[in-house]
Amino acid sequence: MNKLKKITSYRLFLPLVCLAFVLLLNVIKTPSFFQISVNNGVLYGYVIDVINRASELVILAVGMTLVVAASGGTDISVGAVSALSGAVCCCVLSGGEQSTNEYHAPYILGVLVAVLVGLVCGAWNGFLVAKMRIQPMVATLILFTAGRGIAQLITDGQMIYVRVEHFKQLGAFIKGIPLPTPVFVAVIVVILTTLLLKKTALGLYIETVGINAKAARLVGLNSVMIQFLTYAFCGLCSGIAGLIITSRVYSIDANNAGLNMELDAILAVALGGNSLGGGKFSLLGSVIGAYTIQALTTTLYAMSVPADQIPVYKAIVVVIIVSLQSPELMRMWKNFKNRIGAGKKVA
Amino acid sequence: MKDKLKKIEGNQFLLMITILLFVVMYVIGLVVFKDKNFGRLQVFLNLFISNAGLIVIAVSMTMVLLTGGIDISVGSVVAMTCMLLAWMMENKGMGAIPSLIIVLLIGVVFGLVQGFLISYLKIQPFIVTLAGMFFARGMTSVISTEMISIKNEMFLAWAQAKIYLPFGGYVNKKGVMVYPYVYPSVIMALAVLIIVFIVLKYTKFGRSVYAVGGNEQSALLMGLNVKRTKLKVYIIDGFLAAFGGFLFCLNTCSGFVEQAKGFEMEAIAGAVIGGTLLTGGVGNVVGSLFGVLIKGTIETFINFQGTLSSWWTKITIAALLAFFIILQSVLASVKEKRK
Amino acid sequence: MDNGVVLTMRHIDKNFPGVVALSNVDFTLRAGEVHALMGENGAGKSTLIKVLTGVEEFESGEIRIEGREGAIINRSPQEAQANGISTVYQEVNLCPNLSVAENLFIGREPKKAGLIDWKTMNKKSKEILDNLDIHIDVTRTLDNYSIAIQQMIAIARAVDMSAKVLILDEPTSSLDDGEVEKLFVLMRKLKDQGVGIIFVTHFLEQVYEICDRITVLRNGTLVGEYEVENLPRVQLVAKMMGKDFDDLAAIKKEGVSTVKKDQVVIDAKGLSHTGTIKPFDIEIHRGEVIGLTGLLGSGRSELARAIYGADKADKGELKVNGKKLLVGAPIDAMMAGMGYLPENRKEEGIIADLSVRENIIIALQAKRGMFKLLSRKEQEEFTDKYIDMLQIKTADRETPIKQLSGGNQQKVILGRWLLTNPDFLILDEPTRGIDIGTKTEIQKLVLKFAAEGMAVMFISSEIEEMIRTCSRMAVLRDGMKVGELEENELNQVNIMQAIAGGDKG
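From first to last, the protein sequence lines stand for chains L, S and E.
So in this note's numbering, the last spot in the first sequence is 348, and the numbers never skip.
So in this note's numbering, the last spot in the second sequence is 343, and the numbers never skip.
So in this note's numbering, the last spot in the third sequence is 1036, and the numbers never skip.
What the hints contain is simulated information worked out from the structure, not anything from laboratory work.
Any given hint could be a false lead.
Claimed, not checked - Here are the computed lysine to aspartate or glutamate pairs in the DMTMM-like style, where the Cα-Cα straight-line distance is at most 25 Å:
1. L:Lys281 - E:Asp927
2. L:Lys338 - E:Asp863
3. L:Lys335 - E:Asp648
4. L:Lys199 - E:Asp674
5. E:Lys843 - E:Asp863
6. E:Lys877 - L:Asp309
7. L:Lys281 - E:Glu912
8. S:Lys265 - L:Glu329
9. E:Lys695 - E:Asp664
10. S:Lys339 - E:Glu710
11. E:Lys877 - E:Glu848
12. S:Lys208 - E:Glu993
13. S:Lys339 - E:Asp674
14. S:Lys236 - E:Asp648
15. S:Lys231 - E:Glu622
16. L:Lys281 - E:Glu879
17. L:Lys215 - E:Glu995
18. L:Lys132 - E:Glu879
19. E:Lys933 - E:Asp954
20. S:Lys236 - L:Asp309
21. E:Lys877 - S:Glu220
22. L:Lys199 - E:Asp707
23. E:Lys877 - E:Asp798
24. S:Lys126 - E:Glu996
25. S:Lys126 - E:Glu587
26. L:Lys215 - S:Glu220
27. S:Lys339 - E:Asp884
28. L:Lys132 - E:Asp845
29. L:Lys215 - E:Asp845
30. L:Lys215 - E:Glu587
31. L:Lys132 - E:Glu878
Stated by the list, open to error - Looking from chain L toward chain S, a few residues come up when the C-beta cut is under 10 Å (computed):
32. Asn223
33. Val225
34. Met226
35. Asn336
Bear in mind that the values here come from a model prediction, so they are computed numbers and not experimental data.
Just so you know, even glycine gets a beta-carbon here, dropped at the ideal spot from N, CA and C.
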């Protein structure tokens, strides 16, 4: 009994159970789920697909985790910022043409500009939240809508294609490597962020500010700066995710790139066992959460649920998770149990 | 005079800026688009005609913001309502009235669920309504992924009944006097505006909404039922979202998945530009009307100009929203310092 | 009830888990009197108020109020209000965004044809306020008015809802002298109308200006009820602090002080924070334990906060070790060698979800900066060192601090600051809510640090503790530093007289 309690109170228990549940569902529905085949020197299979497709989400979830931890709010502009970054990148590389077969600017410039755009958007959000003290979700609502609008302006409302093999590598395969490139990008982002959090005091600072901002100030932390940094970092992550999204389809569609990603990212954080109220966090939990969501999405696709309907299921999952996190529900449940208990005693 | 100026409080100050902004914009329109008949009354009335649904949504958003909450599910609820109406009337052959009643009921239930999660389980309104947003949008596509056009006669009759104004007409090229007109949707939207205005100003419930947004703890100590007030607000909000969807549908006469995207943003922008504080407790539905009209004017500009992309509307609105949010924050900190 | 008694509380008992909050307390309030309820921290006055207003339940005893048959029990503030008991708190519990009239009438608005009748409401409001000599525009929103006016409006609301008993819970804490005077005018007016007023305050001046009777509580028990004119100030302070004045032996501090008068660590000139502490000068030397004494709310915490930058000083000059220092945020003070253990441990001290280790190293880490992370090994060594040195009782260094007892949490925070090796350490009520054993330990530690050359600022409500540990004391009263007592003057009589001020009784 005690052992069981110890296991269930383990931080990553919930995310792992969810992941296991989704995988189990798959094994029953599609026995071939875990099959991996080699084709043209690269690996194929459902599992590979999940890991591949989850990459952008993992990157966004990393940024979102820090934002949630430090400010107790969420950044809902991540999808739009991804689209904007992708649009800017494509525009730089295509030299403003609608379709191009060669780079009009060095690839690295496109990448840098995209990341910079993400960073600037994040900094704007951070400025509004940390310095102007505007509720995080309202502050990020501005870019949530304007982001795609600006992207449309840059692309002149058109899709922009960059038909260069080299450009596709980030979203597909690099020659001679059997795993899709996004997987590596995601892993690198996770590792670098983990190093940043563990090898500097940033992780500790973020948790401290998220748990008790007053006490944080008295022990000498600059909570405004720390919150600002998390938003800027989240923007940076959105920029990187935007690059992958664009590279996958070697084009940018400002309307649909990164659509609905904000909900997935928030869901990943919550599924990872992190409280949306801020404070202590587990990056690994969010990463597992992100893979779980992609597994769920892939599963729903496999069960031939149309893409448009998937948000319905995800919305339900979000509501269930946040309800379970709600201390009010706990209290109601306790009261209810007490009443039942009292009833029994009387009887 | 000076006394009177002094009496204009910070909150009214925001509203004044908004009304002034609207007037200035309209005057600019009159000057710039003089040769395109911008000055006709019909152009002004069209602001109402094309934004009837949004007016209702903005009014209900104002009420939610007053409690210190937010609802970003409204755009999706509008889409779901339109789709449901179209689907029930066209694919199921139901009458316009029963269809309308059903969508309104669904709106109420939607609001009830969201309201329960927010007021009784104390989950952040943003998270709840974000989930609601995706749920409703997803449900829209569950009903149909194809666009459905409405051909129901009664519905079209509601949509197209022109109500002429007895004045403000002009003589057209054929020498016929043309009077300006509005559709019933405008009348209904304005009716909602007036009713909500009265409820907020003249009923105990309405004042509780303000009290809860002003200081929840105090409201509780003064004997108001905070939870129930919030729940009621979200139920009304759900109902009005569906009703706004109906008015929106009267305008478009169709249902499709991508409909009313970004509506929540426009409604929030309308309310905020109209002087509603995001922190709750301060605001007025009349201000929100002006907020919506400003958005409509921007759209009219872009239409009249002809070459600008429609994305400019969203960007301008977002910029205005950012400006007003920052203004609010600055005003609040000035007030804080003065104390 | 006779003799104009409106409220009696008899034999009230109230326990919190592990603590007796009220034990056999009596309280009597007469119509048309202002009755001060006095006591230091933990005396039980706020618990008594909470019991009376239905915020807390009580175990035994009875409450009677004029006009009601038998004993009453209030289960909520609303019920108390229905029984004619209203409370006005220090933080005004009204809605700042509503008009004055609405704040008076919300929940019971006058109606016409089912709709709120604003005209009548405004007219009635004006009458109510005029009647109390408050002449303001009732249609403007509340946040246009000062806290003092807001408080009067709250009082007007309470009285208009037919209060026989009006409780004013530290209403004057954030008011200036002129505002306090206005409030007193209003209180006298209500008194004349026959309202019984319970006045909770820390300001002795005010008690002697406005009150008729004083009830003193200490440690959850009744010390006594006194007529104001029969209880001199010093006597009152002695009763609050638990000393019988006549028996006061002049306990002198033992031991030799290690003060190095020539080495000034802190030199503040004219430092102030508007609304909480008036400009003060203070000079603190190496090896010195300087005590700040005064009643709760006298500005003793606020003085310390202004030096540390917890509340940024808006005037004055601060020199640390001879160098001028501008404190924009606490980190500046920390870099100059200060440490601060705040009074409110739960809200400003502990970082609840973090481990003991993280709570100990956080301040040192903040000082080192983000990029110089203490290695895990260093962190553990430091933690173990302080767990050992301060004898912190914790299952593990990784236990979340919130699972520790109050005393051990306090030691963790003490450890946090010792680790930064400060020249000047502020300890604000370090021993509050802590068992006797731990208390003595902390006192000994303070003396040890001073002996090692640290300057310590020590704030406590307990006089013996202060005498035992301090080598000098600064006395505060009503938000002002009013004097200093040198080591040879430190005895209870002197301290109490200094705290009480005014007449020497």
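Each hint tested on the structure:
no. : hint                : in the structure
1   : L:Lys281 - E:Asp927 : 19 Å, holds
2   : L:Lys338 - E:Asp863 : 52 Å, violated
3   : L:Lys335 - E:Asp648 : 44 Å, violated
4   : L:Lys199 - E:Asp674 : 46 Å, violated
5   : E:Lys843 - E:Asp863 : 11 Å, holds
6   : E:Lys877 - L:Asp309 : 48 Å, violated
7   : L:Lys281 - E:Glu912 : 23 Å, holds
8   : S:Lys265 - L:Glu329 : 33 Å, violated
9   : E:Lys695 - E:Asp664 : 20 Å, holds
10  : S:Lys339 - E:Glu710 : 20 Å, holds
11  : E:Lys877 - E:Glu848 : 31 Å, violated
12  : S:Lys208 - E:Glu993 : 50 Å, violated
13  : S:Lys339 - E:Asp674 : 9 Å, holds
14  : S:Lys236 - E:Asp648 : 23 Å, holds
15  : S:Lys231 - E:Glu622 : 22 Å, holds
16  : L:Lys281 - E:Glu879 : 18 Å, holds
17  : L:Lys215 - E:Glu995 : 31 Å, violated
18  : L:Lys132 - E:Glu879 : 21 Å, holds
19  : E:Lys933 - E:Asp954 : 29 Å, violated
20  : S:Lys236 - L:Asp309 : 31 Å, violated
21  : E:Lys877 - S:Glu220 : 23 Å, holds
22  : L:Lys199 - E:Asp707 : 50 Å, violated
23  : E:Lys877 - E:Asp798 : 30 Å, violated
24  : S:Lys126 - E:Glu996 : 45 Å, violated
25  : S:Lys126 - E:Glu587 : 24 Å, holds
26  : L:Lys215 - S:Glu220 : 22 Å, holds
27  : S:Lys339 - E:Asp884 : 34 Å, violated
28  : L:Lys132 - E:Asp845 : 21 Å, holds
29  : L:Lys215 - E:Asp845 : 20 Å, holds
30  : L:Lys215 - E:Glu587 : 28 Å, violated
31  : L:Lys132 - E:Glu878 : 22 Å, holds
32  : Asn223              : 18 Å, violated
33  : Val225              : 13 Å, violated
34  : Met226              : 18 Å, violated
35  : Asn336              : 12 Å, violated
Violated hints, listed in ascending order, are 2, 3, 4, 6, 8, 11, 12, 17, 19, 20, 22, 23, 24, 27, 30, 32, 33, 34 and 35; each of the other numbered hints is respected by the structure.
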